[in-house]
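Undergrad: From first to last, the protein sequence lines stand for chains A and B.
Residue numbers for the first sequence follow the numbering used here, so the first one is 2 and each next one is one higher.
Residue numbers for the second sequence follow the numbering used here, so the first one is 2 and each next one is one higher.
Some hints could be false.
You can't tell identical chains apart in this list, so a pair holds if it fits in one copy or across any two.
Below, simulated DSSO-like cross-link-like pairs (lysine-lysine); rule was C-alpha separation at most 27 Å, straight line [unchecked claim]:
1. Lys7 / Lys127
2. Lys190 / Lys135
3. Lys67 / Lys10
4. Lys16 / Lys190
5. Lys73 / Lys127
6. Lys190 / Lys73
7. Lys165 / Lys73
Derived from the structure by calculation, the hints contain no laboratory data.
There are 2 protein chains.
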Amino acid sequence: MTQYNKSNKSRLNRKPGRGNYDEETVNAIIDEALVCHVGFIQEGMPFVIPSNFARMGDKIILHGAKASRLMKQAASGEMICIEMTLLDGLVLARSAFDHSVNYRSVVIFGRGELLTENADKMEALKAVSEHLVKGRWDEIRQPTEQELDATAVVIIPIEEASAKSRTGGVIDEPEDYVLPIWAGILPLKLQALEPISDDRLVEGVTVPSHVTALLKK
Amino acid sequence: MTQYNKSNKSRLNRKPGRGNYDEETVNAIIDEALVCHVGFIQEGMPFVIPSNFARMGDKIILHGAKASRLMKQAASGEMICIEMTLLDGLVLARSAFDHSVNYRSVVIFGRGELLTENADKMEALKAVSEHLVKGRWDEIRQPTEQELDATAVVIIPIEEASAKSRTGGVIDEPEDYVLPIWAGILPLKLQALEPISDDRLVEGVTVPSHVTALLKK
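Make the full structure from the sequences, and use the hints.
TA: This is how it looks when you write it as structure tokens:
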């Protein structure tokens with residue numbers, strides 16, 4: 002199995018059994034997340050900013066207004082850290098100490114490069130759109146040259162990545178199983194609710210299948 | 002209205018209309034989030050690690066194993082950045098350029114202090130438990146002295162905080178409203194599904210109301 006690189010930055014020190022470096026595991030988490038959390042250093046201070054994103058092979062795509070703090074930083078070539086977390090459930094044990102959370106998370110390290118060619122930017126923006134709502138790109142009005150110029154698009158080749166997760170049920174202390182306390186998993190899921198159509202739609206336009214497909218997940 | 006401090010770190014440069022510094026707005030977002038993303042600097046590199054947390058007044062509580070990278074860093078007194086994001090919906094416009102996301106996010110800066118007194122640690126751990134599932138703390142087996150000793154608890158007084166959000170509907174370019182393309186909001190919500198009881202429950206123990214209360218949200 003192909004593995005992402007690891008070093009002391011990305012290696013799990015605690016509970017190494019929860020760690021995973023293979024591309025398939027890492028990429029599945031990246032692809033399910035809708036938001037990533039980008040960490041960088043500016044004037045000696047740590048920053049974390051949320052962002053949309055996409056993955057293209059072993060690269061992460063970020064985009065935004067050219068003037069934004071995040072895009073300027075991501076394009077600087079300095080090391081950034083990108084983290085995604087999916088919450089899968091609360092682990093409600095009999096003791097406070099054994100409470101936990103079921104989750105899948107990824108931490109990525111890399112350095113961004115600003116895309117300058119419009120064809121490359123278009124391909125990357127398509128990836129971001131398809132990451133958010135698969136099948137929508139071909140049905141919408143695509144960016145003009147002016148809109149492309151106003152948008153900064155940065156690719157970050159993944160230098161290192163690691164996944165961490167907890168799955169499964171409650172694990173209490175042996176002596177706590179006699180306690181008359183409810184324990185179990187409360188599953189959590191980010192769900193799409195009924196779409197709210199814009200009130201200025203052209204007559205006859207209905208919710209497309211690429212949107213209704215998200216309701217079934 | 003009481004406001005959190007801001008400086009160049011937390012002030013919104015882009016789209017300042019999306020920013021908010023009042024405590025009520027910031028605290029409501031903090032209190033709804035189940036996970037936070039903690040940014041720090043170690044050996045000159047930026048890190049972002051997800052964590053459970055709680056808020057006690059104008060302090061954030063983090064806890065974890067004493068040996069964890071995050072807890073050691075959070076307790077170091079160095080500046081850390083804590084970010085929470087709630088995803089509220091996808092904004093699906095007629096043009097790719099005007100796609101967006103409805104969200105509420107908070108970025109906090111502060112320096113952590115390790116709690117050393119067991120009474121203080123107990124109070125902070127109760128806050129973390131109540132943040133996750135309100136009403137559960139009084140029904141579970143609370144930490145022993147040994148468990149408290151094994152747990153690092155750090156409080157981070159909020160030095161600066163800012164909220165950022167996007168709400169509302171699609172805003173397309175004026176000329177795009179004639180296009181026969183569906184546009185609208187796809188609301189997103191992190192929902193609790195039916196609880197899965199542990200298979201070693203004491204006979205007669207049923208799902209408590211503090212858990213079923215979460216299903217109605």
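Undergrad: Each hint: holds or not?
TA: Against the structure, the hints come out as follows:
1. Within a single copy, lysine 7 and lysine 127 get their C-alpha atoms no closer than 30 Å, and across copies no closer than 36 Å, so neither meets the 27 Å cut-off.
2. When the C-alpha separation of lysine 190 and lysine 135 is checked against a cutoff of 27 Å, the pair qualifies both within a copy, at 19 Å, and between copies, at 19 Å.
3. With identical chains, the CA atoms of lysine 67 and lysine 10 are at most 27 Å apart between copies only, with a shortest distance of 18 Å across copies and 30 Å within one.
4. For a Cα distance limit of 27 Å, the shortest separation of lysine 16 from lysine 190 inside one copy, 25 Å, qualifies, whereas the shortest one across copies, 31 Å, does not.
5. Proximity of lysine 73 and lysine 127 under a CA criterion of 27 Å is satisfied intra-copy only: 21 Å inside one chain copy versus 41 Å between copies.
6. For the homomeric pair lysine 190 and lysine 73, neither the shortest alpha-carbon distance inside one copy (33 Å) nor that between copies (31 Å) is at most 27 Å.
7. With identical chains, the CA atoms of lysine 165 and lysine 73 are at most 27 Å apart between copies only, with a shortest distance of 19 Å across copies and 29 Å within one.
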